[in-house]
Amino acid sequence: MPMKGRFPIRRTLEYLQKGEVVFKNTVKIMTVNYNTRGELSEGARKFVFFSLPQIQYKNPWVQVMMFKNMTPSPFLRFYLDDGEQVLVDVEGKDYKEITQHVKKILGKSDKVLKAEALAKMESSNPANFGPKKYFLRECISEVEGQVPHPGRVPLPKEMTGKYRTKMAASSED
Numbered sequence: 000m001p002m003k004g005r006f007p008i009r010r011t012l013e014y015l016q017k018g019e020v021v022f023k024n025t026v027k028i029m030t031v032n033y034n035t036r037g038e039l040s041e042g043a044r045k046f047v048f049f050s051l052p053q054i055q056y057k058n059p060w061v062q063v064m065m066f067k068n069m070t071p072s073p074f075l076r077f078y079l080d081d082g083e084q085v086l087v088d089v090e091g092k093d094y095k096e097i098t099q100h101v102k103k104i105l106g107k108s109d110k111v112l113k114a115e116a117l118a119k120m121e122s123s124n125p126a127n128f129g130p131k132k133y134f135l136r137e138c139i140s141e142v143e144g145q146v147p148h149p150g151r152v153p154l155p156k157e158m159t160g161k162y163r164t165k166m167a168a169s170s171e172d
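Here the sequence shown is numbered in numbering that gives the first Met the number 0, starting from 0 and rising by one per residue.
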């Protein structure tokens, strides 16, 4: 993507991955209500400009809707999967304060995020073998560059024991 437009750095993968808000699995919809003019909505505008792309990248299962110029005071509303709604007032707050507040009330804790990252690393490690249900590979022979499994592909004659003993016996004669 070309580096054109307003603040193009916010569309880079590095910037999107630095987002710190990962919602709990119960959050399904997030609505942002703010005004395009006025001092009270300044934090909400900057939140939409800087933090919202990161939130969308980190939480692809969350639907994000924005309502501009439809409310006298800016707020965020979250719809949870059990039908509950969480309302967050962002009037007069800085976008960093909004991000921290949202992370605190609806974000996953650092402990949970570390546990999920560790579980993901363990399951995706190509050195792990076992049943397909739990691991990427069942056998080392599935790794490229390894000797194929003799049950699926016959081994070359030079690698079989019968051929080696026959060659050793013929060289002794």
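Incorrect hints may appear among the rest.
[As the list claims (entries may be wrong)] Restraint-style ranges between C-beta atoms, simulated for each label pair:
1. E83 with R136: 41 to 49 Å
2. M65 with P149: 55 to 63 Å
3. V111 with R9: 25 to 33 Å
[What the hints assert, rightly or not] Simulated pairs of lysine-lysine, PhoX-like, Cα-Cα distance not exceeding 25 Å:
4. K119 with K17
5. K132 with K119
6. K23 with K113
7. K23 with K119
8. K161 with K23
9. K95 with K107
10. K113 with K102
11. K156 with K103
12. K17 with K132
13. K67 with K110
14. K57 with K27
15. K107 with K92
16. K107 with K45
17. K67 with K102
18. K107 with K67
19. K95 with K67
20. K132 with K92
21. K113 with K17
22. K131 with K119
Everything labelled a hint here was simulated from the structure, so no lab data went into it.
Cβ coordinates follow ideal geometry from the N, Cα and C atoms, glycine included.
Checked hints:
| no. | hint | in the structure |
| --- | --- | --- |
| 1 | E83 with R136: 41 to 49 Å | holds, 42 Å |
| 2 | M65 with P149: 55 to 63 Å | holds, 60 Å |
| 3 | V111 with R9: 25 to 33 Å | holds, 26 Å |
| 4 | K119 with K17 | holds, 18 Å |
| 5 | K132 with K119 | holds, 14 Å |
| 6 | K23 with K113 | holds, 14 Å |
| 7 | K23 with K119 | holds, 17 Å |
| 8 | K161 with K23 | violated, 60 Å |
| 9 | K95 with K107 | holds, 17 Å |
| 10 | K113 with K102 | holds, 15 Å |
| 11 | K156 with K103 | violated, 65 Å |
| 12 | K17 with K132 | violated, 32 Å |
| 13 | K67 with K110 | violated, 36 Å |
| 14 | K57 with K27 | holds, 13 Å |
| 15 | K107 with K92 | holds, 22 Å |
| 16 | K107 with K45 | holds, 23 Å |
| 17 | K67 with K102 | holds, 23 Å |
| 18 | K107 with K67 | violated, 28 Å |
| 19 | K95 with K67 | holds, 20 Å |
| 20 | K132 with K92 | violated, 47 Å |
| 21 | K113 with K17 | holds, 15 Å |
| 22 | K131 with K119 | holds, 15 Å |
Of the numbered hints given earlier, the model fails hints 8, 11, 12, 13, 18, 20; all others are met.
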